[in-house]
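A.B. asks: Here is what each chain is made of, one letter per residue.
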Amino acid sequence: MTTSNPPAGAAPQTPARPDTRQWAGQFVIGTIVLILLTLLVAELDGAIAKAFKANGFNSNPLEYPLTAVVVGLVVNFLLRATGRYEWIRPAVRTEFYLKVGLVLLGARISFGDLLATGAGGLIQAVIMVGSVFTFTWWLGGKLKLHDTLRAVMASAVSICGVSAAIAAAGAVQARKEEVTYIATLVILTALPLMLLMPVLAGAFQLTPTVAGAWFGGNIDTTAAVVGAGTIFDPKAQEIAAVVKLTQNVLIGFAAFGLAIYFATVVKKGEGEARPGLGVIWQRFPKFVLGFVLVSLLVSVGLISKDSAKVIDTASKWLFTLSFVCIGLDFSLKDLKEAGWRPIAVYLAATVFNTVLALGVAYVIFGVIFPR
Amino acid sequence: MTEKERPPAREGIKLNEDWLATIVGLILTLVIAIGGIASIPYPLFKLF
Chain A
1140 MTTSNPPAGA APQTPARPDT RQWAGQFVIG TIVLILLTLL VAELDGAIAK AFKANGFNSN
1200 PLEYPLTAVV VGLVVNFLLR ATGRYEWIRP AVRTEFYLKV GLVLLGARIS FGDLLATGAG
1260 GLIQAVIMVG SVFTFTWWLG GKLKLHDTLR AVMASAVSIC GVSAAIAAAG AVQARKEEVT
1320 YIATLVILTA LPLMLLMPVL AGAFQLTPTV AGAWFGGNID TTAAVVGAGT IFDPKAQEIA
1380 AVVKLTQNVL IGFAAFGLAI YFATVVKKGE GEARPGLGVI WQRFPKFVLG FVLVSLLVSV
1440 GLISKDSAKV IDTASKWLFT LSFVCIGLDF SLKDLKEAGW RPIAVYLAAT VFNTVLALGV
1500 AYVIFGVIFP R
Chain X
249 MTEKERPPAR EGIKLNEDWL ATIVGLILTL VIAIGGIASI PYPLFKLF
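From first to last, the protein sequence lines are chains A and X. In terms of the numbering used here, the first sequence is numbered consecutively and its last residue is 1510. In terms of the numbering used here, the second sequence is numbered consecutively and its last residue is 296.
Bound-form chain X, shown alone:
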C-alpha cells in the first residue's frame, strides 16, 4: 500500500467540549453530593 492509498489514522472518539464539561461538572456535583464531601474537613476547599 502506497502512502497515498493508506487510510487516515484513526483520531479516536471526539467528544464535544461542551458535553465533556457538562459531564465532568455533573460527576463532580454528584461526587460531592452523594459522597458527603460537605462533612469532610477538606482544607483545600477552605483556602479561598
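Next up, chain A with everything else stripped away, as it sits in the complex:
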C-alpha cells in the first residue's frame, strides 16, 4: 500500500485517531464475543432443561438469567486473568441491552394491564422510595458518611441502582469514585437477591403478582429485577418490570429534590445555582416511553399477536445479552479502599428495603389491587 499527499487545494484528510480506531475494533470484537456467548447461553439453557427433564423435573430450576450471569463471570475471569478484557470492554453495555429489551417487552403487556399495574406500582414506588431513601440517609448520617456519598447511596438503594446513583451524583456533584463504589455494591447485592428472592417467594407461597411487585420494589438493578421475575414466573417478570419502571420514573424527581437540597442547604453560600424543573425531564428514563408505545401498538391491534410473540422473544435475547454483561462487568476492585461503614449502611438499607417491600407489595398487590 502506498501513501500519497492530498491534491493541492483539497482539505487535508484527518486520519481517524488511533484510539478511536482501537475502540471501534474492540467494539466489533466485543459484539461478536457477546453474540457468541448469548448463543452459548441459549444452547446451555436447552441442554440443562433436557437434563432436568430426563431426571424427572417438569421445569428447569436454573433459568437462563443464572446461566447467562455464570457464563459472563467465567469469561470475565478468563479475560482478566489473561489481560484480554480490554478487547471486549466497549461492547459490554448492560444497561443499553436491558433498555432495548424493556422497550420490546412492552409487546407482552397490554396497555390496560400496564395502567393497572402502573397505578399500584406508583403507590408502592412513592412509599418505598420515600422510606428507603430516608432510612439510608439517616443511617449514613449516623455512621458519618460524606453527604454526597449518602445521597448517591440512598438514591441507588431506594430507586434503581446504578442509573439512580449516576443521576444523584450529577445532582449533588459527587466524586466519580463514589459512583463507581456504589455501582459495585449495587451489583454485589443484586446478584444474590436475584437468585434468593424467587426461592423465598416460593417458600412464602406468594402469588406471581405479589412476588413480581416484591422483586420490582426491592432489587436495585432493573436487570436483576427482570432476572428474578423470569426465574419465578412469566407473570412475575411482567409485574416486576412494570413496577421497576414505575420506580425508575421517580429518578428525575429525586435528582431535582437532591439538587435543590444541596444548593440551598448543604452547599449554601458556595454560589451554587438553584436548579430548574428541567432536571426532572433531563433525568426521566426515556425508554419507558418506548415501552408504553409498544404496549399501546399491540393493544390497539396495529401489531399482530404473532408479531408480538416474536418481539417478546427478541426481548429475551436482549435480556440474555444484558445478563451476560452483568457477569462480564463484575469487579471487586473498587470496594477495597472504601472501608466497612458504607458497606454496613448499604447492607442494612438492603435488608430494610427487602422487608418493607415484601409488606408493601403484599398490601398493595395482594389486598388493595389483588390480581
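Among the clues, some could well be false.
[Said to hold, decoys possible] Estimated spans, in silico, between C-beta atoms of each pair: (1) Thr1273/A - Ile282/X: 43 to 53 Å; (2) Val1338/A - Ile275/X: 32 to 42 Å; (3) Glu1316/A - Ile282/X: 45 to 55 Å; (4) Ile275/X - Pro1373/A: 19 to 29 Å; (5) Ile282/X - Val1338/A: 37 to 47 Å; (6) Ile282/X - Ala1342/A: 38 to 48 Å; (7) Ala1342/A - Trp267/X: 40 to 50 Å; (8) Ile1174/A - Ile282/X: 22 to 32 Å.
Simulated from the structure, these hints should not be mistaken for laboratory data. Cβ atoms here follow ideal geometry from the backbone N, Cα and C, with glycine treated the same way.
With chain A held as given, fit chain X onto it using these hints.
C.D. replies: Structure of chain X alone, referenced to chain A:
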C-alpha cells in the same frame, strides 16, 4: 498554534443512551411487525 490554544477535539454527536435504546427498540419492533418476521421460521428465535 500551541498545544494550549488548540480547540478540543470534536467528540461527535452524543445521543442519550435512553433515547438510543428507545429508537433501537422501536426499529426492531417495526422491522418484526412490518417485515412479517413472525411468519419466517427463524430457528434462533426458537432456542429459548
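A.B. asks: Would you mind marking each hint as holding or not holding in the structure?
C.D. replies: We went through each hint and held it up to the structure:
The given range of 43 to 53 Å is respected by threonine 1273/A and isoleucine 282/X, whose C-beta atoms sit roughly 48 Å from each other. Between valine 1338/A and isoleucine 275/X the Cβ separation comes to about 38 Å, which falls inside the hinted range of 32 to 42 Å. Taking 45 to 55 Å as the suggested C-beta distance range, the pair glutamate 1316/A and isoleucine 282/X conforms, at roughly 47 Å. Taking the beta carbon of each, isoleucine 275/X and proline 1373/A are about 25 Å apart, inside 19 to 29 Å as hinted.
For the pair isoleucine 282/X and valine 1338/A, the beta carbons lie near 42 Å from each other, so the given range of 37 to 47 Å is met. For isoleucine 282/X and alanine 1342/A, the hinted distance range of 38 to 48 Å is satisfied, since their beta carbons lie about 46 Å from each other. The hinted window of 40 to 50 Å between alanine 1342/A and tryptophan 267/X holds, with their beta carbons roughly 41 Å apart. In this structure the hint that isoleucine 1174/A and isoleucine 282/X lie 22 to 32 Å apart at CB holds, the actual value being about 24 Å.
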